[in-house]
Amino acid sequence: MGILDVKGVGKRFGGLQALGDVNLSVAENSVHAIIGPNGAGKSTLLNCLVGKLIPDTGSVMFDGQSVLGRKPYEINQMGISRVFQTPEIFGDLTVMENMLIPCFAKRDGAFTPNAYAAMRKDTEMLDRAGHMLEEMNMADKRHMHAASLSRGDKRRLEIGMCLSQEPRLLLLDEPTAGMARADTNNTIDLLKQIKDDRDITIAIIEHDMHVVFSLAERITVLAQGTPLVEDTPDKIKGHPKVREAYLGESQDAA
Amino acid sequence: MFGLEAKDFRLLLLVALLTMAAPFILNPFPVDSGMAQFNAGYPDLMQRFVIFGIFAIGFNILFGLTGYLSFGHAAFLGVGSYAAMWMMKLLTMNVIPGILVSVVVAGIFSLAVGWISLRRSGIYFSILTLAFAQMSYSLAYSVLTPITGGETGLQPKVTDPRILDAALTGNAPKANLFGLEMGSSTDLVMGGWVFTFNVGYYVAAVVMIFAFYMSIRIFRSPFGMMLRAVKSNQQRLNYTGLNAKPYTLAAFVISGMYAGLAGGLMVAMDTQVGAERMFWTASGEVVLMSILGGVGTLIGPVLGAGAIKYMENILSKINKDILYEWFAFLPDGLQDFVITLVYPFIGKGWHLTLGLIFMAVVIFLPGGLVEGGQRIAAMFKRKKPSDNTPDGKTTPAE
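Residue numbers (our numbering), protein chains in the order written: chain A, 1 to 254; chain B, 1 to 398.
Isolated chain B, as found in the complex:
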C-alpha cells in the first residue's frame, strides 16, 4: 500500500489512527476528577506533540541514519518560523504559503550550513552546527532586528500589507486555512468528559502523517541504506565508489527542511515567533527526543517528542498544593517529609525528572522507548497474553 511493505503500512495506519483519535486518547479522565490535570488533550499541547514529532522525525533522518549529531537544528526551526511569519505579514493569513516557504527557506539555509559543517565529522561537526545555530540566534536577537523583531519577536499586525487578503476591517489577523481558523475548536461533551477538536491540530496532524510517510519511504529506499552505510563504515563506502559527502549533505538538508516545516507549523498555530526558538537548548531538546524515543527507529522520535512535551506541560503544572492533596492520607510529619522529597522533581523541577528518566533510558534501554516497547512485547509473547497492558501514564496518586 502506497509503495510500503505491509509491516510499515500497518505502522503508518496505526500512527494515523492514533493522531486522528488523539483528542479522545489524550483525555482519559473526566473534567471534574482529580486526575484531569493529567489530561493532555487540549489543543495547544496536542499541536506541540505533532509539531515536535515532525521536528524529531526529520532530525532522526540525519542523526539516526548517518550518525551525524547536529547540535544546531533549532536554527532551521527558527528560520522556518520567520519565513512563515513574513508570508503571513506580506501575502496572506492563509497558512499554506507560509508552510511551503518555511520548508524552502530552511532547506536553502541548511544547505549553506551543511556545506560548511560537513567538512568535519564527529564532535567537530557537532560544534560547527552549534556555532552556526548560536550565531543565527544572536543575529536574530540583535543585528537582524528589522527582519526578526529582535527581542520582541514578530506578530502579524492589522497594518501589514497582506497583498492577497482583503483589508481587515479592524479585526485582529488570524491564521486560517481558506477561511477555516486555526484557533477554532469544537467541544464534544460526553458525560463527565469533554473532548476538544481543534482545526489547527488536525492541520498539523495531517502534515505530520505525511512527514512520517515520507520518512518511511526514505528509510526503505536505497538512499536510506546508503545513509546507514555512512554511519556504519565511511571508509568502506569511499572504497566502494560512493561519495559520502552528497549523501550526508542531502540528509542534512532533508532534516533541515523537516525542522523548517515544524517551524512554519508553529507560526501557523500561534502566529508569533521569537529568537529564543533558535537557542541551543531547543537544539538539545530534539537530540533528547530522538535518544529517548529510539535513535534510528521510525516511530521512536515521535514517542520521544510526545514524552518530553507531556512532561514539560503536565509535570510542570503540579504544584505544592496538589502534592498536599495527594499525600493527605499520610500523618502530618511524614506528609511534609514525603512532599519535601518529591517537590524538587515536579513543577519547575520537571527537568530533574526528565534527566533521571533520560539517564535510565540511556543506561538500561539504549534503544530508547521503542526498545522498551519491544521488550514488553517479547515478554507477553513468551508468556500467555494478558489483559492488563501497562499504561506508561498512570500516576502515583492512587
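Next comes chain A alone, as it looks inside the complex:
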C-alpha cells in the first residue's frame, strides 16, 4: 500500500479511450515518475488524481481515503498539491501575497470570512510566508508583481506556494516544459533539495528524460492509456518495451 493507490482507473472521452486500466501505487516519501509518449494519458491520469476529471471506472485512494467525487480544493486540503505545466500563480498580486494565500489556506481552511481582520497584524502568517520566500531565495522580490517574474522564478514561486501548505504529496506536471537548460537544471536541483529536506512524496509527469532519470526512484511508463512497465530507472532505461513505445524518442528528448 502506497500513499497514493490507483486501481483500475479508466476514462473515455467519446470514442477515445484515454485511460484503459491503470494500476499504480506511489510509495510514501519516494519520487515516482510517470512517463510516456504524447497521448499516453499522462495528463488525463493527473487530472483524475486532483479532482479535475472523474474517472469512469476504478478507484483513487490517497492515504486510505478515496479522492473520487471530491472537488479540487477538498483534495488539496487532504494534502495533495499540484504544480502546473505552465506556472499558475496569482499574477495581479505581489510575490508575498502569492505566498500568503496558501499559508492562510493551510491554517484557516477552504473558507474563512475574516473580512474585518487586519492582515498586516497576522505576524504568524507573515513570518511563515516570509520564511518560505527566503527558502526559495525570493525574499528580495516580495513586493514585485508575480506576473512580472521570469519564467524560472514563476515556477520557483509556484513550487514554494505548494510547499508552504506542507503537502504530503506533490504532483508536478511537466515542471520543466518550455524551459532553457539552465532553468531546467535549477528546477532539478530545487526538487532534489526539497526531497532531501522534508518528508514528502513527489509524483512527477515528465517528457524530459534527463529530468526523470535525475530525480525518480521509480518510473511508470504509460502508453495508450495503460501502464506498460513499472520499475527502477536503471531497469527502465534498457527495457525493450519502453524502447519500443518511444521508438527512440527518449534519445531525442534527452
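In short, the hints are calculated from the structure, not lab data. Given the structure is predicted, the values throughout are model-derived calculations rather than measurements. Just so you know, not all the hints are guaranteed correct.
[To be verified] Below, computed lysine to aspartate or glutamate pairings styled on EDC-like, alpha-carbon distance capped at 16 Å:
id: 1; chain 1: B; residue 1: K245; chain 2: A; residue 2: E74
id: 2; chain 1: A; residue 1: K121; chain 2: B; residue 2: E5
id: 3; chain 1: A; residue 1: K154; chain 2: A; residue 2: E174
id: 4; chain 1: B; residue 1: K231; chain 2: A; residue 2: D92
[Said to hold, decoys possible] Interface residues of chain A toward chain B, partial, derived using beta-carbon atoms under 10 Å:
id: 5; residue: G51
id: 6; residue: G91
id: 7; residue: I101
id: 8; residue: G109
id: 9; residue: A115
id: 10; residue: A117
id: 11; residue: R120
The beta carbon of each residue, even a glycine, is placed where N, CA and C say it ideally should be.
Got chain A; can you put chain B on it based on the hints?
Leaving out everything else, chain B in the frame of chain A:
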C-alpha cells in the same frame, strides 16, 4: 489608528474632512455670480453624492476585488428602499429602523440572487444578474403592486399605522432622527456666499464615512486578498485548497448590503420610492461610476459617483439661454455656430458628454480618475511643486 495603516488612516481622515466640509467646498461661487449654477452645495445633490458613493463603494467590493461584473445591483438598491419605506409606514418615521432593515433585507435578497447567479462566471453571470434585476423591476411595477405601489410607488401617509410613533395630528409625516428632521437645514450667509447645512446630508455623510471605513478594512483583510486572488487566478485558488464560491458569494452579499444601505438612505432623505429605481440603467450607472473613478481602488468609486452625479445635476441644468450669455462676446454668426456645436452636449444631452468622458477615461486612463490623480501627483513630484493646482471643475466660460 482604528486598526488601519497610517496611509489608509490618512485617506479616511481626508474623506471624512472633505465630506464634513462639503457644504463649503461645493459652494465656491457667490450666490449672485454667473458661476453660481456650478455650485453643487445644495442638500439634495450633496445627499446624492454620498448615497451613490456608498452604492459605488459596495459595488467595487464585488467588481473591483473579485472581477465579477454584476449588472443588477439596482435591484438591491430598490429592495432596500422598499424595506425602509415599509418600516416608515409600519413602525416609525425615525430613519434608524428603516436603514437597518434595508441592509438586512437587501442582504437576504442578494444571498438568493448570488446563490443562483454565481453558478456561472463572466458574461453569463452578468446576464443572470441583469435578468434578476429586470424581473425585480417588472414585479415591483406590476404584480407586486400591493407591496410596491406599482407605477405610483410608495410614500408615507398620515393614515399609516406607525405603531411606534404618536398619532400625527394632521401633519404630513416627515423622516427624522429622534425628532431631528432630515429635511431641515441651516443657512450660513457669509458675504455673497450662502452655505447650507442639512441634517439629512450629515446623517448620510456619517454613514458613508463608516461604509468607507468598512471597505478599507475589507480591502486590507485576508478575505480581501482572497477576493483579489479570485479575480487573478481562480484555477490556482481551487488548487490551493480554497473554495472560491463562498468568497464570491460573501462579496456579492456584502455589496448587496451596501446597495440596500444606499437605498434605505435614499428613502430616509426623500421619503418616496418607485420601481424605476431598479431599472437596468440604474445598475449600469454604478458600473460607470466604478470604472470612471477607478475599479479596485479605495476612493475611486466615490470620485466616480461624485463626477457622474455632478454632471447629471449641473450640466443638465445649462440651457440655450445660458449658452447665449456665455458666448455673447462672439460675433452673431459665429455665436450661433458655436452654440449649435455645444448645445448637444449640455442640458438633456449631458449623457453625450458623459459618454465622451467615459470613453476618454477608459482609453487613456484605464485606472480611472484615481490614475489621473496619481499621474498628476507624479508630475508635480518630479518637477518642483507648484501653486496652481488644476481644478477639474473650472468652466469654459472665462
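Okay, the hints, checked on the actual structure:
no. : hint            : result
1   : K245/B / E74/A  : holds (13 Å)
2   : K121/A / E5/B   : holds (10 Å)
3   : K154/A / E174/A : holds (14 Å)
4   : K231/B / D92/A  : holds (8 Å)
5   : G51             : holds (9 Å)
6   : G91             : holds (6 Å)
7   : I101            : holds (5 Å)
8   : G109            : holds (8 Å)
9   : A115            : holds (4 Å)
10  : A117            : holds (5 Å)
11  : R120            : holds (7 Å)
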